[in-house]
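If you want the building blocks of each chain, they are given just below.
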Amino acid sequence: MRDRTDGPMGRRAGGLWERRGGLWLQFRERAESCLSSFKQLTGMPDYAAYVRHLRLRHPAWPIPTEREFFDLYLDSRYGDGPTRCC
Amino acid sequence: MRFLLWLLVALAGAAGWAVLALHRGESVSAAWLVVAAVGTYLLAYRFYSRFLADRVFGLDNRRATPAERLGNGRDFVPTTRWVLFGHHFAAISGAGPLIGPVLAAQFGYLPGTLWLVFGVVLAGAVQDFVILAGSMRRDGKSLGQMAKEEIGPFTGLAAMCAILAIMVILLAVLALVVVNALRDSPWGLFTIACTIPIAVLMGFWMKVWRPGKTLEASLAGLALLALALVGGQYVASSPELAPLFTWSGLSIAFAMIAYGFIASVLPVWMLLCPRDYLSTFMKIGTIVLLAVTILVVMPDLKLPAVTQFIDGTGPVFAGKLFPFCFITIACGAISGFHALVASGTTPKMLRQETDARLIGYGGMLMESFVAVMAMCAAAVLDPGVYFAINVPLAKLGGSAVAAAETIRGWGFLVTPEQMETLARQVGEATLLGRTGGAPSLAVGMATLFSGAFGEHLLALWYHFAIMFEALFILTTVDTGTRVGRFMLQELAGHVWAPLGRTSWYPSIILSSLLVVAGWGYFLVQGVLDPLGGINSLWPLFGISNQLLASVALCVGTTIIIKAGKARYAWATLLPLAWLLVVTLTASWQKIFSPERRIGFLADAAALRGEIAAGTLDPERGARLIFNNQINATMASIFVLIVVAVVVSSVRDWLRLRRGTGTVASTETPFVESAYAG
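First to last, the sequence lines map onto chains A and B.
First residue of the first sequence: 1, per this note's numbering; consecutive thereafter.
First residue of the second sequence: 1, per this note's numbering; consecutive thereafter.
Treat the hints with care, as some may be off.
What the hints assert, rightly or not - DSBU-like, lysine-lysine: derived pairs with alpha carbons at most 35 Å apart:
no.	chain 1	residue 1	chain 2	residue 2
1	B	K302	B	K395
2	B	K565	B	K148
3	A	K39	B	K148
4	A	K39	B	K213
5	B	K395	B	K320
6	B	K302	B	K320
In case anyone wonders, no lab produced these hints; they're calculated from the structure.
Start from the sequences and build out the full structure, keeping to the hints where you can.
Next comes the structure, spelled out in structure tokens:
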């Protein structure tokens, strides 16, 4: 579960959303985790999760833009080997 | 309490099988089929997969998975169990498990269902699980790499050639299914043609206009897809537009060849990736819908449990129940192709070692369940209607009246009016002789869906089902051509290094052309074949897929023996032995059978006789003879590759047994997982 402890809020933490109270925050967090699961299920790129991963594991590395990340994703998903079956 | 629950599951499954076995000559509800299958799956999952996971592999959650150790946030990502289950399932299931059972329904619903359920439990799910677990213990290595490292470089090369050859046959036969479903069907062709601009639009959306926003692009794409489906009806009924979209089989085949080439050369984001999303969405949505519908409608199975065609006289494809039932149904019972996915993206996403059990074994059970539902969808049709759609027109006698007469001769009733009404209801000019399984599956699914949601939507559901199948067959065609190109480039790279550079344009174009020419050749010959092509190509595909499974099981056995678990090697050796018996018998019969309906060489000889007697145009005859020779050559190549792999594997096992071979573990060393505890 350690990937989640960082929280999906990223740079917005302490901003507008927190002032609305914990419930809204919880709902948002739950919705974002559902969305993230859905993306993993369908094999879509998950930018928020990647940023979270970089912050946690490689804090010194530069964070790519969503456009750059999409190119990295296309390379690793369709680079080689079949992703689909008959 | 636990014990009672499992006893109940066992009893329910047994009751399902008992009802199926005892109800002969009267119709049985499809619900019994589902109960029998699901009961068996649950028991097998609970007991046999646990045995494989605990005893044979000793899966251990304290050991970190590749996703945890090598996590990079892109392909190596620790993924929640059920999410990965869905992901893996979407990757392994395609048109195969839907079409095979529909074709095998000519033997009746029982033989196919028995092979689907017991085949998956003892063979298919075992293969998927063993390869997944083996790859997980080796940093997510591919089947080809494992064959090379575990058994030897020769085996690695042989496995690679086998995969390439199988890809060519697979793409040809799937493309042929689409051609048969879309020929002379303006509605179907319009809808499928629309998916290309829709995918390009989505591609530009998520790459150029709103980078990375795949979800919103996909939702827009789905909305447009629905419009294209409804719009097709308008096109089909318009006297100006309908002729524009009424194409012959040959024109569609050449269009698909051109499409495959373009898709393989274009950057992935423009066509391939958006199509991939669309077909994943459709696949998961439709399969859930189909399962719910069968459970709600609980239709009666109208097809007999066993038909007289088990003796080998079947009109859909030739050959006796053994071995051809086990060749026709590959995906759903055991599919070698899965070994490629189980050693591809999935092992890099496992969060914990024990998850491999649900995802590898459970995912394959789910695929088998889809195949059982496809069998139900075929079996709810009137047998007469089933044969009228699935038998080549030439064999039916050429016209609706003759077809009714021929089918009556087989003991099933269908009238020309009945077929005409059905064709009109689904919005097609004719349904006679639409071989390949997709149209009859679509009629079955449309019947089920309209039973649940109202009769008046039959045409819409039929074309929805056709779109659903054609969509992911086209996705297989474009990803398959691309993968074939990569493999060809890798092989060519050994000959001349620049050819191996996957981004060098001359090499891309040359290798794409070669791959497309390969499957395109078989596709065009299939379209021109007087008996519809499915007749000869589908068994060839089944044989190749099962032989790839044999290669995978050889690798799996080696992995188990090297892990010091030789006493459990029967778990993979038994399915391997069965597959070898089935596929080698089938290949032998396809090549050497003296009956021209079955044997390629016998057919060639018979054609030569017809030319000599002057009853066949010599030019056409020469082409048909050449095709038979090519098919026989392909079958021989498959057999030779597999015999070579099996022999070298057995030599390796015997060496290991005598203790002279190296038993060095090829597993990645143990690293403590942070998820454990």
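Against the structure, the hints:
no. : hint            : in the structure
1   : B/K302 x B/K395 : holds, 23 Å
2   : B/K565 x B/K148 : holds, 21 Å
3   : A/K39 x B/K148  : holds, 34 Å
4   : A/K39 x B/K213  : holds, 11 Å
5   : B/K395 x B/K320 : holds, 18 Å
6   : B/K302 x B/K320 : holds, 22 Å
In this structure, every one of the numbered hints holds.
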